[in-house]
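Participant: Sequence:
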Amino acid sequence: MSEQNGQNDLILVFGATGRATGTAAAVVTLLRERGRRVRTLVRHDDERAQSLREQGSEVVFGDFADRRTLVPALENVSAVQFTHPVAAGVIAAAANLVSAIREVGNDPHVVVCSMGTASEADSPSGYGRDQFVADELITSSLRSAVALKFAAHFYEMVNVFFGHAIRETSQFASYHGDSPIQWMAGRDAAEVCVRALLDPQLFGAERTPLIPSAELMTHAEVAAMIGRETSQSISYRPLSEDEWNQQLAILGKAADATTVQHLSATTKMWREDGDRFRAMAETDPNRLSHLLGRPPTRFVEFIREHRGDFLVTVTSGAQTR
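Residue numbering for the sequence shown follows UniProt numbering, starting at 1 and increasing by one per position.
Bear in mind the hints are in silico, worked out from the structure with no lab data behind them.
Only a predicted model underlies this, so the values are computations on that prediction, with no experimental measurement involved.
Don't be surprised by glycine CBs; every beta carbon is placed ideally from N, CA and C.
Computed Cβ-Cβ distance ranges for the label pairs, DEER-style:
hint, residue 1, residue 2, range
1, A165, S99, 38 to 48 Å
2, E282, D178, 16 to 26 Å
3, Q55, R228, 29 to 39 Å
4, D273, S144, 29 to 39 Å
5, D178, V60, 43 to 53 Å
6, R43, A249, 20 to 30 Å
7, V133, E241, 24 to 34 Å
From just these sequences and the hints, can you work out the full model?
Facilitator: The following block contains the structure:
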């Protein structure tokens with residue numbers, strides 16, 4: 001990789017206090033490990049902001065939704081990492097970012113952490129459609145910008161969505177059925193983002209590249225691999241459509257409506273139309289290796305690193321081998 005940004009250049013990272021897969025936080029960590037100067041924009045001064053400070057990141061306060069806070073955050077930066085949560089507001093956030101960059105006038109290189117379901121304007125996910133527009137807005141409005149469309153579920157999502165059920169019951173369930181799903185490590189996605197931040201020419205003239213996954217697995221295969229690596233009996237149960245709708249109704253009481261619709265639409269897409277999506281962005285560990293500069297993380301490696309997150313804590317009904 002040819003790192004064209006200077007060692008002392010300042011890089012602004014959005015989304016580093018996200019609670020889901022932690023991709024933007026990993027971007028900060030990887031940049032700091034390279035000795036790069038980092039500024040992070042956060043909404044609240046909490047333990048996550050303190051963790052960023054402890055890594056040596058400059059922490060400033062603001063919000064995507066408030067353009068006034070973006071202008072000072074962009075002062076003197078050479079590159080920007082844009083990561084928006086799966087929630088309402090991504091188009092407005094992108095518009096605010098473009099507008100603020102134009103006011104500041106420093107023309108930073110912008111890297112968007114996007115998703116494969118935002119590759120089509122008619123994505124079944126409302127958030128995917130909005131992210132598509134946000135990606136197009138940023139990449140067409142700025143001189144140097146790339147939207148990385150990661151065509152994969154991140155391994156970290158297994159823990160986020162199913163970790164509690166695995167630890168408590170030794171099983172987990174979803175509506176994905178037996179559909180093979182594309183997977184990669186969220187930290188590998190962060191590494192690709194970092195390489196794109198440090199080398200604006202990494203993808204040449206391509207503005208919205210699809211980033212391939214590392215491996216293809218069904219949820220049953222995920223369960224079996226966790227079981228083998230933790231010496232436990234872990235099982236997966238496909239949900240019926242009625243069960244899935246009941247879960248969505250419960251989730252809808254606590255989560256953003258945009259998040260719930262995205263989860264509903266993409267899960268249904270994988271179960272009922274997965275072949276089309278898999279054909280659009282085939283699993284290609286060799287291509288991913290080229291982008292990473294090393295072999296991609298395998299799911300078995302992820303399990304070994306996070307083994308404690310998958311150990312069953314309730315013995316009733318749980319069998320160990």
